[in-house]
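Take the sequences, apply the hints, and build the full model.
Chains as they are written, first to last, in my numbering: chain A, 1 to 271; chain B, 1 to 298.
Hints listed in this document are in silico derivations from the structure and should not be mistaken for laboratory results.
Just so we're clear, the structure is a prediction, and the values are computed from it rather than from any experiment.
Where hints are given, some of them may not hold.
[What the hints assert, rightly or not] Computed footprint of chain B on chain A; a stretch qualifies when at least three of its residues, placed anywhere within it, have a C-beta under 8 Å from a C-beta of chain B:
id, segment
1, 20-31
2, 79-92
3, 115-125
4, 193-207
5, 214-228
6, 244-256
Ideal placement from N, C-alpha and C gives every residue a C-beta, glycine not left out.
Chain by chain, the residues:
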Amino acid sequence: MTLRRWSVTLLAALVALITIAPLIWMVSVSFMARGEAAQFPPPLWPANPTLENYHLLFGTFGVGRFLINSVLISTLATGLALLFTIPAGYAFAKLRFGGRDAIFRMLVAALVVPGQVGMLPLFLELKAMGLVNSYAGALVPWLAGIFGIFLVRQYCLSIPDEMLEAARIDGASEGQILRRIVLPILTPIIVTLALYVFLSSWNDFMWPLIILADQQLYTLPVALAANSRQNVQDYEIMMAGAVVTTLPVLILFLALQRYYLSGLLAGSVKG
Amino acid sequence: MNAASRTSEARAGRAMAAPALAAILLFFVLPAIASLFLGFTDFDIYALADIGNLRFVGLANYERLIENPLFWKAMTNTLLFVAVGTPFIVAMSLFAAMLVNSRWLKWRPVWRVALFAPYVTTLVATAVVWRYLLHTRYGLLNYMLSFFGIPPVDWLGSPTASLPAILLFVGWKTFGYNMIIFLAALQTVPRELDEAARIDGANRFTRLRHVTLPAIGPTLLLVSVLTVAGMFQLFAEPYVMTQGGPAQSTVTILYFMYEEGFKWWNLGSGAAVAFLLFLCILAVTLVQLRLAKRSGAL
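As structure tokens, then:
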């Protein structure tokens, strides 16, 4: 039994090591001196760890600008998504209004349509609104998050009607009920949703690539992709760029993983 | 409850749902429908400058696509990704889930997080890392393979190796997500069932086939549908790692649509591609649901 226990654990450790090896290597190479990574056999650790690549990245390449853009867009996307999604999710779960169930069924059906299908017309629509090449244009898709409405609705269904009814009898308005009674109950799912939107908008690539033409507005992934396509041979700098791009979300996930995983399961059950 | 509070409840409900519904209508539903119509026009760079140049061309975009070899290349590449990638990724995810679900496993949460981590990383960043990892001369993968006497593979430079190379990356990036879904399903399979089969002398594969898989049937279907949909939406991977090459072996439908729309500004033709992409995803999803109904998994 002990043998079995250890062999399974050893196998899991091996698989886990192979899985995170690319990430460890990314960090390791980012501390190498320039040119050190272009060798055979590939070095696993930097001979003399240096911050040179990060200095170059933030100095010459101006990555600070892209970092600020990414932080701004992801933060705004998260705030806006919460603002739009939470009241709607609550309304679909708990407030009876005409056509509610029919609209909800249509939203379920709309989930089959991938967002990319409407990308070209959306680009033209935003061009007509003068939002191409602006933060606002990059934020627009996050307002239309059907998944968030599902998530919030699902969670709201478990709130007992008697609780809301009692507040109504006490004379609370519907807005007060949402703010004072429902929102505190929703805290865990709000964290989940915020985390989900923040990570998704941070990692998003195709839409910002299309809508942000001005280099000054590039997010980290768009800037990194642009550099990598120019066939940069400086692996150390590219790895440092990858670290700056992905480490913030990786840390955020590790800190709040419980919330992320519970949301993932709630979302996949709905499909 | 009286009529007045009913009305105020309905009014509040509409007010709270309205902003989100308006955004969904304006930025999701409308563009998706417009895509169908845009596909029947010759919207190009001239129409972009002056809408007066826009003409209705019927099915001309679709006819031209059918005659375009690159479109067919993108189609076959994508179908290849779906056909090869889906079983590969589903099997990999299920293996990881069964490993993490093993009752003999110590420190389960640690392994679960490590295996899930690639999924939350930034796709573009890890694609850059993998491009280096797959480098013919300096890459870690070829170095590892050299210990087994395997000569260096030109992963991203040869038309036959580029698809497996990208699949390897996509599998690494996404299997953690599927694993979590599988794990939740596996935890509902009673251990006694597996135990009884083991006592009856069933080996590991028989138990997998006759006990575990039937028990998680609906989840298997869900994961397959999600994976197929994901395979149809590959874009950043070829964009960053291969730029569609070599010899156009990694041009996917979405990559083709992007170039058609935003490189050549043939938005009419690009919209036609988008609509075909939608039909493909819809068809595959419906077929899989039908199969599941027939086999009684749902």
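> Which hint numbers doesn't this structure obey?
Replying inline: The structure breaks none of the hints.
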